[in-house]
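Protein chains: 2
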Amino acid sequence: MKVIDIARQAKEAARKLAYIPTSTKNKALTAMAAALKKEKKRILNENRRDIEQAEQREYKSSFIDRLRLNDKRIEDMVDSLKEVVHLSDPVGSIIKKWRRPNGLEIAKVRVPIGVIAIIYESRPNVTADAAALTLKSGNAVILRGGSEAIYSNLALQTILSDAAASAGIPAGAISMLRTTSHKDVEELLKLSQYIDLVIPRGGENLIKRVISLSNIPVIKHHKGLCHTYVDKGAEYKMAEKIILNAKTQRPGVCNAMETLLIHKDIANGFLPGIGRALMTKGVELRGCHLTCRILSGIKEATKLDWHTEYLDLILSIKIVADLDEAIEHINTYSSGLSEAIVTTNPARAKRFTTEVDSSCVYVNASTRFTDGNQFGLGAEIGISTDKIHARGPMGLEELTSYKYIVRGKGQVRR
Amino acid sequence: MKVIDIARQAKEAARKLAYIPTSTKNKALTAMAAALKKEKKRILNENRRDIEQAEQREYKSSFIDRLRLNDKRIEDMVDSLKEVVHLSDPVGSIIKKWRRPNGLEIAKVRVPIGVIAIIYESRPNVTADAAALTLKSGNAVILRGGSEAIYSNLALQTILSDAAASAGIPAGAISMLRTTSHKDVEELLKLSQYIDLVIPRGGENLIKRVISLSNIPVIKHHKGLCHTYVDKGAEYKMAEKIILNAKTQRPGVCNAMETLLIHKDIANGFLPGIGRALMTKGVELRGCHLTCRILSGIKEATKLDWHTEYLDLILSIKIVADLDEAIEHINTYSSGLSEAIVTTNPARAKRFTTEVDSSCVYVNASTRFTDGNQFGLGAEIGISTDKIHARGPMGLEELTSYKYIVRGKGQVRR
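Going down the list, the sequences are from chains A and B. Residue numbering for the first sequence follows the numbering used here, beginning at 1 and increasing consecutively. Residue numbering for the second sequence follows the numbering used here, beginning at 1 and increasing consecutively.
In short, the hints are calculated from the structure, not lab data. All figures in this text were calculated on a predicted structure; none of them were measured in a lab. Be aware that one or more of the hints could be misleading.
One copy or two, either will do: identical chains are not told apart, so a pair holds if it fits within one copy or between any two.
To be verified - Computed list of lysine to any residue pairs in SDA-like fashion (alpha-carbon distance at most 20 Å, straight line):
| hint | residue 1 | residue 2 |
| --- | --- | --- |
| 1 | Lys72 | Ala379 |
| 2 | Lys40 | Val412 |
| 3 | Lys16 | Glu325 |
| 4 | Lys96 | Lys108 |
| 5 | Lys409 | Asn331 |
| 6 | Lys72 | Ile51 |
| 7 | Lys190 | Arg209 |
| 8 | Lys96 | Tyr402 |
Isolated chain A, as found in the complex:
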């Protein structure tokens, strides 16, 4: 099937999906979960081909690990699909409703976006998650995974799409670019007449390439360079707990902390303790000039460090003169995802949450909570670092648009 035909079919499917009942979508999700379970062996066989290819190409073991499926990981996918059944369907819900003086009744109603293309890398479970969330929100999806997972992804998409079709979902609702050709992606990104939104999930290069090639709106899922600022007068114990959690509980994810900012008045009192605690947990510290004076023996941070998302047990530390410098540093270097202040002062907490320009701003809590499930939004398609349409965790509601339905009795404009 040609790329344009895939897109055209997806658009046709989207038209029907827009008003398909919730019960049909849930039936399909249940069938999809059952099919994955049933076809476990086939999926594992196809995944083995990807793994062999990756080993031949001598990819890093962490990369191969992300690629690998096993019984447990397939069970997790099955569970995720079942969970989406229980999320409430956003389509058709009334956002607002009002009546105009001329008697017109206006309702702002949630509708699906239409056709969403998702371009992603490595983990094959994204195939199942993305298919489930787009389907539940009434959208057709065109998936495009990385070439490293092509066999796994093709198997998953075929199984999911067939199961959905058997439950009454129109053909083309869950589709995939079935080659690893870059030209196909380029062609896809120009088809704004059929595709309404592109979501790239992956590294910086992938995102840049998508933005520069696409004629279709893009919602970026960028990196997470997150900060924690410890204010003067903060409770040391609370600060320590939050910092250790934000840095070490899962350092490889986007909402982990990368840079710690500390008010100069508490540097001498607070830094030695937290420094020891972090080093005990195996964290490499890189400090500003002043930090290095207090924590002797640690590496000095360069300007590059303030720009770096380590995704690892490394932390840059900077002592700041005041809240203004902390906010300025964050607004300069942050990726705009998730920042925290630890403070006992309500006025400064207010200033921090108001002036820091990030999707999620915390007072006395860990940046690690930036997550659809943790927020209670249900499963997420990703975390948007854009300010247009959706910001922060993107759940089902964020996969919808709206329309105005206006009812009259013959009103005309004067």
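On the provided structure of chain A, position chain B as indicated by the hints.
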């Protein structure tokens, strides 16, 4: 000032604008209104230079008319600025607030988008309107008008920006590309590190060019190819009133009707009357094969007609077999802005509003109501034909994004 410096200054201004009090913004809007009034002569002088240039270049008189300012048009701009003072400030309002089982308090709070670039053509009043709406919603704006209005726009921007500054608005909040160079626009559209959103307002070529050049999210304000469908069993009188209004009350605007669809069962009964009424109003009719049999002597519509936004006293008419064909025609040819059904049947009204994929869908009312003021949203920056971020009339709320403010007592993630 170089383009990059304008953008950088706008970003700095946006940071401060994000938390500037409503009262300061209103003071600035009032000062801007007073300044336009005071500087009327200067504005008219500069506008004369644009008009002379346009006349030398032998532009169409309708084009020159749109360009021309006079006392009345400046007074209208002054009034619009004053109206924005009275609109409520969306910034800081809480969209949603909830508490998680772990005690975290999450608030989803409206914030400005940041820096918005608006690229527009011809009418100089857009300069004042865009400056007012972006300021009230806490955004910095970079304006880029057409070369045909450069003198008027520069004068307006200088006056507005100076007045805003005198009321405490940071420098760079209302800025403008001060040349007519295309290169400057190209450079601007790559500055995604400083600019958060681009809104092109103008013809199809302008929009296409912006989309293909921009690395920044774009919200399109496309054309309006609007339809009215008269269902079998509709009240003829109501249908006639709605059709005449949608076609003739102001044919040159995007929410005017361009194509009329009529159910085959009422074609013989309804078409002769409405045909006469439209022709009496000076409307040229272009009908499908069946229409031409009933309304003899009218021009036959070609496929091109179904694709054409006339913006003029011309109407294409098609007889359709049923509601399905009407919906199919609309979803194929519409620009997705504004469509109406005239019907007495609630089930078919429901199907129409559900299945038609347009921003505003009307039951028994004129498509001409698609407008921020008519909807009660206040002044509008334009009407989005996109499904991402904002759809339909864009008022102050649509010029905002949101952030999550999360308050804890030391919570960490497990």
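Structure-based check of all given hints:
In this assembly of identical chains, the alpha carbons of Lys72 and Ala379 lie at most 20 Å apart only when taken from the same copy (19 Å versus 55 Å across copies). For the identical chains of this complex, Lys40 and Val412 are neighbours neither inside a copy (60 Å) nor across copies (36 Å), given an alpha-carbon limit of 20 Å. Taking the shortest alpha-carbon separations for Lys16 and Glu325, only the inter-copy value of 15 Å comes in at or below 20 Å, while the best intra-copy value is 53 Å. Within a single copy, Lys96 and Lys108 get their C-alpha atoms as close as 5 Å, and across copies as close as 17 Å, so both meet the 20 Å cut-off.
For the identical chains of this complex, Lys409 and Asn331 are neighbours neither inside a copy (52 Å) nor across copies (24 Å), given an alpha-carbon limit of 20 Å. Taking identical chains as interchangeable, the C-alpha atoms of Lys72 and Ile51 lie at most 20 Å apart only when both belong to the same chain, with a minimum of 17 Å there against 73 Å between chains. Both within a single protomer and between protomers do Lys190 and Arg209 lie at most 20 Å apart by alpha-carbon distance, with minima of 13 Å and 14 Å respectively. With identical chains, the CA atoms of Lys96 and Tyr402 are at most 20 Å apart both within one copy (11 Å) and between copies (18 Å).
Hint violations for this structure: numbers 2 and 5, all remaining hints satisfied.
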